[in-house]
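Colleague: For reference, the chains in residue letters:
Protein chains: 2
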Amino acid sequence: MKNKKPLILITNDDGISAPGIAALVEVMKTLGDVVIVAPDKPQSGMGHAITINSTLRINKVNFYDVSEEYSCTGTPVDCVKLAVNKIMHRKPDLCVSGINHGSNMSINVIYSGTMSAAVEGAIESIPSIGFSLCNNSIDADFSASKNIVKIIAENVLKNGLPKDVCLNVNIPNLKLSEIKGIKVCRQARANWVEELDERKDPSGKPYFWLTGKFENFEEGNTDTDVWALDNNYVSIVPTQFDMTSYSAIVELEKWKF
Amino acid sequence: MKNKKPLILITNDDGISAPGIAALVEVMKTLGDVVIVAPDKPQSGMGHAITINSTLRINKVNFYDVSEEYSCTGTPVDCVKLAVNKIMHRKPDLCVSGINHGSNMSINVIYSGTMSAAVEGAIESIPSIGFSLCNNSIDADFSASKNIVKIIAENVLKNGLPKDVCLNVNIPNLKLSEIKGIKVCRQARANWVEELDERKDPSGKPYFWLTGKFENFEEGNTDTDVWALDNNYVSIVPTQFDMTSYSAIVELEKWKF
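Chains as they are written, first to last, in our numbering: chain A, 17 to 273; chain B, 17 to 273.
Bound-form chain A, shown alone (with noise of 0.2 angstroms):
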């Protein structure tokens, strides 16, 4: 092998201009060969969703110096199928998306495009990690996040990462001093609440935007997200697509049909 240099996908969900990319792909170009493939457009709360019923164009672009760089007009997963499937050459050694502009901490992950392109990796079987700091403003600072991002891009591509599981990282927005160190937790049970804004058009009908105020139902508990990045350390939780609740068959394999 000529190159032994790590491989490494980016996307994102903020698009392919935001800061957050940015900061993301200054980082892994330290640690490998970087190809890019990341919306046109913002893509936030896409989740999972994938494009079936128009088609899909990328466009070579050259933002950032690196490998391979392309932006696309499909959804963050779309990118990673593209990306795989079509652009790169061989499989990833990483696959990391973000940094969101703001946490997908909690139930956040299933809404979250950033999430739902590094779970895509990891259906692909390649170590995936999403990245999010705490911080919705498009001015974030990103300075703190970049030292957390290399360590955590530089385990897993030393350890690998276990199988069918990747890795939803949130860094709380604080100095890197004010950090108190990397927390593996579990996804809290939270939920938005009060979550339409309604308002009125100019010809007084109705329309509604999404809102909410975000809840935590696990206000004492120390083993959670949430808990984490209140208490200032950075929540690693390993996600799974198996959506299965293997405790639920056993109670359901109960019941008469």
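Where hints are given, some of them may not hold.
Identical copies look the same in the list; a pair holds intra-copy or inter-copy alike.
[Claimed, not checked] Simulated crosslink set (EDC-like; lysine to aspartate or glutamate; CA at most 16 angstroms straight-line):
| # | residue 1 | residue 2 |
| --- | --- | --- |
| 1 | Lys-107 | Asp-49 |
| 2 | Lys-20 | Asp-109 |
| 3 | Lys-45 | Asp-109 |
| 4 | Lys-102 | Glu-211 |
| 5 | Lys-229 | Glu-267 |
| 6 | Lys-76 | Asp-239 |
| 7 | Lys-45 | Glu-170 |
| 8 | Lys-229 | Glu-210 |
| 9 | Lys-179 | Glu-267 |
| 10 | Lys-102 | Asp-213 |
| 11 | Lys-191 | Asp-155 |
| 12 | Lys-270 | Glu-211 |
| 13 | Lys-199 | Glu-267 |
| 14 | Lys-21 | Asp-49 |
| 15 | Lys-107 | Glu-210 |
| 16 | Lys-272 | Glu-170 |
| 17 | Lys-179 | Glu-234 |
| 18 | Lys-229 | Glu-211 |
| 19 | Lys-199 | Asp-246 |
| 20 | Lys-221 | Asp-180 |
| 21 | Lys-191 | Asp-157 |
| 22 | Lys-102 | Glu-235 |
| 23 | Lys-199 | Asp-81 |
Since the hints were made in silico from the structure, they are not lab data.
Starting from the known structure of chain A, arrange chain B on it as the hints suggest.
Modeller: Here is chain B on its own, set in the frame of chain A:
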């Protein structure tokens, strides 16, 4: 209480005019008071997408002669959020989604708008079921499905469901007399391969259609949904939204960061 009939919310991802939702409505009207909030256009493959970068509208319609019915400009998950937060006056006793035109077995659960609506119901602590018939055709025959749907919905209304779990029900494309029974299963480990069909537009520029071949990685195993359907059973996979891999937590806690 004047009215003790169960309150049932119906949605889908094929759109409010699809024959599959008509079949579901027909059955649910025999079981309770029905409210429909369903997408105004096909939303297959939308996964757990929500609409956060644009607005949502609902329109009162009158297709099915039920208590209330609305078409919605958003995704299946948006429909559940709107129904629960804005339209329904109390929490429904049951949320059903489908009947999907096409299988949502195995990994398809994660891409499916039908199942994501059911998962959203579970997040809202509503007993929820996604129903899918293994036939993609608009002319699919739902007559056997209606029997199966009724049996399973009656059981859920009677027994409730385990906490934070919904059901992914897939029905083989067979006559009722050919269906061998109902099996509680786990989600098979499978994936889509050769996923992109590359074409040229009239000006010679490439574009892509997502497509692919379904590949089951668990040929021998008899406890999966794929096996059940291949062997003429209805499959029920209890499905959870906690995506934490608890076994991986143990492994990752050994890492030195």
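Colleague: Determine for every hint whether it applies to the structure shown.
Modeller: How the hints compare with the structure:
In this assembly of identical chains, Lys-107 and Asp-49 lie within 16 angstroms of each other by CA distance solely inside one copy; the values are 12 angstroms within and 52 angstroms between copies. In this homomeric assembly, Lys-20 and Asp-109 come within 16 angstroms of each other (Cα to Cα) only inside a single copy, at 11 angstroms, whereas the closest approach across copies is 57 angstroms. Only within a single protomer do Lys-45 and Asp-109 lie at most 16 angstroms apart by alpha-carbon distance; the minimum there is 14 angstroms, versus 53 angstroms between protomers. For the identical chains of this complex, Lys-102 and Glu-211 are inter-copy neighbours only, at 9 angstroms across copies versus 39 angstroms inside a copy, given an alpha-carbon limit of 16 angstroms.
For the homomeric pair Lys-229 and Glu-267, neither the shortest alpha-carbon distance inside one copy (33 angstroms) nor that between copies (34 angstroms) is at most 16 angstroms. With identical chains, the CA atoms of Lys-76 and Asp-239 are never at most 16 angstroms apart, being 43 angstroms at best within one copy and 45 angstroms at best between copies. Within a single copy, Lys-45 and Glu-170 get their C-alpha atoms as close as 12 angstroms, which meets the 16 angstroms cut-off; across copies the closest is 57 angstroms, which misses it. Taking the closest pair of Cα atoms, Lys-229 and Glu-210 come within 16 angstroms of each other only inside a single copy of the chain (6 angstroms); across copies the shortest separation is 41 angstroms, beyond that limit.
In this assembly of identical chains, the alpha carbons of Lys-179 and Glu-267 lie at most 16 angstroms apart only when taken from different copies (11 angstroms versus 27 angstroms within one copy). In this assembly of identical chains, Lys-102 and Asp-213 lie within 16 angstroms of each other by CA distance solely across copies; the values are 10 angstroms between and 41 angstroms within a copy. In this assembly of identical chains, the alpha carbons of Lys-191 and Asp-155 lie at most 16 angstroms apart only when taken from the same copy (15 angstroms versus 59 angstroms across copies). Taking the closest pair of Cα atoms, Lys-270 and Glu-211 never come within 16 angstroms of each other, the shortest separation being 37 angstroms inside a single copy and 39 angstroms across copies.
When the C-alpha separation of Lys-199 and Glu-267 is checked against a cutoff of 16 angstroms, the pair qualifies only between copies, where the shortest distance is 13 angstroms, while the shortest distance within a copy is 33 angstroms. Proximity of Lys-21 to Asp-49 under the C-alpha cut-off of 16 angstroms is restricted to the intra-copy arrangement: shortest distance 6 angstroms within a copy versus 62 angstroms between copies. Only between protomers do Lys-107 and Glu-210 lie at most 16 angstroms apart by alpha-carbon distance; the minimum there is 14 angstroms, versus 43 angstroms within a single protomer. For a Cα distance limit of 16 angstroms, the shortest separation of Lys-272 from Glu-170 across copies, 11 angstroms, qualifies, whereas the shortest one inside one copy, 51 angstroms, does not.
Only between protomers do Lys-179 and Glu-234 lie at most 16 angstroms apart by alpha-carbon distance; the minimum there is 15 angstroms, versus 28 angstroms within a single protomer. In the homo-oligomer, the alpha carbons of Lys-229 and Glu-211 lie at most 16 angstroms apart inside one protomer (7 angstroms), although the nearest pairing across protomers, at 38 angstroms, exceeds that limit. Proximity of Lys-199 and Asp-246 under a CA criterion of 16 angstroms is satisfied intra-copy only: 12 angstroms inside one chain copy versus 43 angstroms between copies. Taking the closest pair of Cα atoms, Lys-221 and Asp-180 never come within 16 angstroms of each other, the shortest separation being 47 angstroms inside a single copy and 36 angstroms across copies.
In this homomeric assembly, Lys-191 and Asp-157 come within 16 angstroms of each other (Cα to Cα) only inside a single copy, at 9 angstroms, whereas the closest approach across copies is 60 angstroms. Neither within a single protomer nor between protomers do Lys-102 and Glu-235 lie at most 16 angstroms apart by alpha-carbon distance, with minima of 46 angstroms and 27 angstroms respectively. Proximity of Lys-199 to Asp-81 under the C-alpha cut-off of 16 angstroms is found in neither arrangement, the shortest distances being 34 angstroms within a copy and 53 angstroms between copies.
Violated hints for the displayed structure, listed by number in ascending order: 5, 6, 12, 20, 22, 23.
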